[in-house]
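Colleague: The residues making up each chain are set out below.
Number of protein chains: 6
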Amino acid sequence: MDTHTTLQLLLDAHRLKRTPRTGWVMRGVPDGESVADHSYGVAFIALLLAEMVTQAVDRAKLLTIALLHDLPESVVGDLPTPAMAHFPPGAKRSAEAAVLTELLDGLPNAKRWHAWWREFEEGTSVEGQLVRDADRLDMLIQAHVYEKTTGNRWLAEFWPPDGESPFSSSAAQALYEELQAIRQRLA
Amino acid sequence: MDTHTTLQLLLDAHRLKRTPRTGWVMRGVPDGESVADHSYGVAFIALLLAEMVTQAVDRAKLLTIALLHDLPESVVGDLPTPAMAHFPPGAKRSAEAAVLTELLDGLPNAKRWHAWWREFEEGTSVEGQLVRDADRLDMLIQAHVYEKTTGNRWLAEFWPPDGESPFSSSAAQALYEELQAIRQRLA
Amino acid sequence: MDTHTTLQLLLDAHRLKRTPRTGWVMRGVPDGESVADHSYGVAFIALLLAEMVTQAVDRAKLLTIALLHDLPESVVGDLPTPAMAHFPPGAKRSAEAAVLTELLDGLPNAKRWHAWWREFEEGTSVEGQLVRDADRLDMLIQAHVYEKTTGNRWLAEFWPPDGESPFSSSAAQALYEELQAIRQRLA
Amino acid sequence: MDTHTTLQLLLDAHRLKRTPRTGWVMRGVPDGESVADHSYGVAFIALLLAEMVTQAVDRAKLLTIALLHDLPESVVGDLPTPAMAHFPPGAKRSAEAAVLTELLDGLPNAKRWHAWWREFEEGTSVEGQLVRDADRLDMLIQAHVYEKTTGNRWLAEFWPPDGESPFSSSAAQALYEELQAIRQRLA
Amino acid sequence: MDTHTTLQLLLDAHRLKRTPRTGWVMRGVPDGESVADHSYGVAFIALLLAEMVTQAVDRAKLLTIALLHDLPESVVGDLPTPAMAHFPPGAKRSAEAAVLTELLDGLPNAKRWHAWWREFEEGTSVEGQLVRDADRLDMLIQAHVYEKTTGNRWLAEFWPPDGESPFSSSAAQALYEELQAIRQRLA
Amino acid sequence: MDTHTTLQLLLDAHRLKRTPRTGWVMRGVPDGESVADHSYGVAFIALLLAEMVTQAVDRAKLLTIALLHDLPESVVGDLPTPAMAHFPPGAKRSAEAAVLTELLDGLPNAKRWHAWWREFEEGTSVEGQLVRDADRLDMLIQAHVYEKTTGNRWLAEFWPPDGESPFSSSAAQALYEELQAIRQRLA
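Chains as they are written, first to last, in the numbering used here: chain A, 1 to 187; chain B, 1001 to 1187; chain C, 2001 to 2187; chain D, 3001 to 3187; chain E, 4001 to 4187; chain F, 5001 to 5187.
Worth flagging that the hints you see were computed from the coordinates, not collected in a lab. Keep in mind the model is a prediction, meaning the values are calculated, not measured. Note that CB positions come from ideal geometry on N, CA and C, so glycine has one too. One should not assume that every hint holds.
Simulated crosslink set (DSS-like; lysine-lysine; CA at most 30 Å straight-line) [to be verified]: (1) Lys4148(E) - Lys148(A); (2) Lys111(A) - Lys148(A); (3) Lys4061(E) - Lys3061(D); (4) Lys3061(D) - Lys4148(E).
Partial chain E-side listing against chain A, Cβ under 8 Å, derived [claimed, not checked]: (5) Gly4023; (6) Arg4027; (7) Ala4097; (8) Thr4150; (9) Gly4151; (10) Asn4152; (11) Arg4153; (12) Trp4154.
In isolation and in its complexed conformation, chain A is listed as follows (with noise of 0.2 Å):
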């Protein structure tokens, strides 16, 4: 990749900063974070999932699924999910494909990169499996801390059902607990 291409792309990503997540805005969150925001969150929550399991993990693997995981947004952005429905199956997964691959085009390890994408996307390696419970865990954290400094009523429909946990990893279901216990002694 080029040195013009590689500004490009990180152009591109950039604009991750100001790319607002829908869900918070749709529900009436005042200057909601950015997908930016988030995405820093994710790495961060899998950087410590890292220390928590007794799995071996490749951290560098793990950190870049994390940074690269919402990237096709910063061209697609954050399809609200309700809007899902109403798209053919799998189009929004191949929408994010495709952008991913234009987007990586021309680096080295684009292809390696868009694998790692994948098995985030499908959950099939322990590093994509824990990005999938850092990103649940970081929208659940930020759903905990709207809650708690705007009053927001309507964000109860993120919390999973009593029971259901939605964690591949014991270390995020016990950060999970916990934060439904703070949660509670808060309400």
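Fit chains B, C, D, E and F to the known structure of chain A by using the hints.
Modeller: Relative to the frame of chain A, chains B, C, D, E and F by itself:
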């Protein structure tokens, strides 16, 4: 449509007040307009265009189309233009049509309004064409306002190339030329 | 009205997109809606009310009134309600009427539209009354949304006292009662 | 004035922190200053002007006037200048005077402070004149800052025509000329 | 101080309008007040406290202190309270004193104003103590307003423990108790 | 580190999402980026720099440093550069080091991560140097974006003087030159 369902429709449409127009967001405009802001602008411009054209215009139909034309975005959001190249052809229109069907379900005029919305999408009636013109003109007035008030240099691509007219009606074309004159004068 | 004057009117009306609704601002709602947001809501509600009532409604007139009803605020702003007690009786209405005359000056339908606006102000036609109902209902839906999304405790005064109805039409009254039911359920 | 009434006055004055200055809002300045921001600027400038002038200045009176000069806007808001042409002559001043009377009612110095406020409105004392100068100068400094930080092209009308001075004191005039020099240098 | 330097001081002080109060920002308050907003509140409260106390108060001195008390934050910003534990004891006060010296350098009253500012920091004069009381009271009024308007649950720590008074004057204490009464009533 | 402490660390780090970057705030950029936004940018740039350089780079270490490099700002905030001249030499670094020790306390890799953070602060490893380059480059890309999107004229001082390079790696230098080319073209 019973009262409960009608109120749900109002609450859905209300979401347009907090749905940002993506084109401005991606180009770094702070505190950009909402889809409801834009829809008001479109309806108001359409009202004036109807005064300027020589054809017969059904104003009730015209304004209804203006109010409905972005209603599906209350569910699917304002999908960024660059995203479109990566979705199957027609996926956006199909999704919006399906959403509109769901939103209007049970209203006495649902079928008629849906047909009108298609006339807008396809430009197949004078009212549909005037709302298309108003849609384009409101976007350009907004681009002009952002250029003058925020100094944003990334909005040039919204403007049609010299000598090209994106408008059906000579009324909209005349207003556009006047806008260009003002825009140049203060450049 | 020549093209130049018409574009000036569009630019004036466009200012409603950046005119905040004062009632929310004074009560600490962050990033509150614009007058254009509100006007869109009023027009959309009026469109649905017309479907619900049994009287004959001139929809072109109805929607024109909805689009015009706050147009003078593009010049005088949204004067806070508590300010009114300190201005001479009728000063606000006179100022707004004078502004409207200036804004519409030269339009073929200026006189008719001005008369319609008075029907809204005075509630002297079915269309004027329905827009009044829509105006009130949009404000209450917005108050509800702010109560649920920002936790604001200072919006109670917007709600009519128990047993009082601020609406002319039973359609608006029914929607209001449904709104109250939702509001209480999540209280 | 009893404690309860005094606290109400503090809560009323506090509202100036969330009362936007309308002139900037109407010209598309995002996140513009509040009336409290402006009042702080005026008081601080007045404090320095008092150091620069040769006349005797009662600083307690000067700063009290600065803190009170926009207090009525906590109730009537910041009425846009173009609105004034459409209200009866003197209506704004009368409304603000009436509001001030109500706000200060019960304070030991109410009469004196009200008289001082009139000296500001009418420019009939050295302290009143210096606050007028500070009021104008703070507005121009703010216009300068918005021109440089937001690229807004619509603020030129705030600046006095070449060769005209809106200031009573030569101290304010000198600061203004210095400001113009900085403004031109970076144009 | 020559005109050029004085204008620089005004431009520096002007920065307080865009310096956010860190305590609110860290607790997720959207669009929180500026240091200039706060300084206006402090000056206004101090003005009223002077009316309520029985001691002799030099109002010119009192209001000057209020206007100067956070002026150094235009350079060093509003350092978060938790940061203080990690800086050498007195580092913040020394930095702010040095900044104040630089900012006021050349003003006829520089030394006197600096001495007054120390009286505020150390609470060693009646005027310094009243501004301290006003500083605290404005923060608590603001916390109350944010609790009521944003539903923020993280502001409890700003309130003094039951039975403890952070105020020097009984006037401020009485206003605080009245504020607590209002706060509880709407809890 | 037990689950409770780990969650506290996540909540602390989460605060970076609402910690504004002070340099932009002081220069009047509205809605500027957060420290988390910036940290995401730094990590992403570092990931690409590692692809461009010929040296061996430990990517897990590199990305961990990027995620940690501004973590102490979650407690001490983003201290403005002009403030530094007024604090004892080294006070900021000491405070941040102490905060980092507290934040990481109990983590298995605490010591290693702390050592890595020092390598960043002091530029004493290839990974530390690349994050320094990424830190600088992300700031300049952001300055470029704000110049183009807000018309801000006060950001010139962020750019290095002609002929001076603030970068260690030729990869970062090449990207910087490309950025300058784009910046000039649209000037």
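Colleague: Run every hint past the structure and note whether it holds.
Modeller: Each hint tested on the structure:
Of the supplied pair hints, the one linking Lys4148(E) and Lys148(A) holds, its CA atoms being roughly 13 Å apart against a limit of 30 Å. Between Lys111(A) and Lys148(A) the alpha-carbon distance is near 42 Å, which puts this suggested pair outside the 30 Å criterion. Among the hinted pairs, Lys4061(E) with Lys3061(D) is consistent with the structure: their alpha-carbon atoms are about 12 Å apart, no more than 30 Å. Of the supplied pair hints, the one linking Lys3061(D) and Lys4148(E) is violated, its CA atoms being roughly 35 Å apart against a limit of 30 Å.
Because the closest C-beta pair between Gly4023(E) and chain A is about 13 Å apart, greater than 8 Å, the hint is violated. For Arg4027(E), the interface hint holds, since its Cβ comes within 8 Å of a Cβ in chain A; the closest pair sits about 7 Å apart. At about 34 Å, the closest approach between the beta carbon of Ala4097(E) and any beta carbon in chain A exceeds 8 Å, and the interface hint on this residue is violated. For Thr4150(E), the shortest C-beta to C-beta distance to chain A is roughly 6 Å, which falls under 8 Å, so the interface hint holds.
A least Cβ separation of about 2 Å between Gly4151(E) and chain A falls short of the 8 Å threshold, and the interface hint therefore holds. Given the 8 Å rule on beta carbons, the hint for Asn4152(E) holds: about 5 Å separates it from the nearest Cβ of chain A. At about 5 Å, the closest approach between the beta carbon of Arg4153(E) and any beta carbon in chain A falls short of 8 Å, and the interface hint on this residue holds. Of the supplied interface hints, the one on Trp4154(E) holds, with its beta-carbon coming within about 6 Å of a beta-carbon of chain A, less than 8 Å.
Violated hints for the displayed structure, listed by number in ascending order: 2, 4, 5 and 7.
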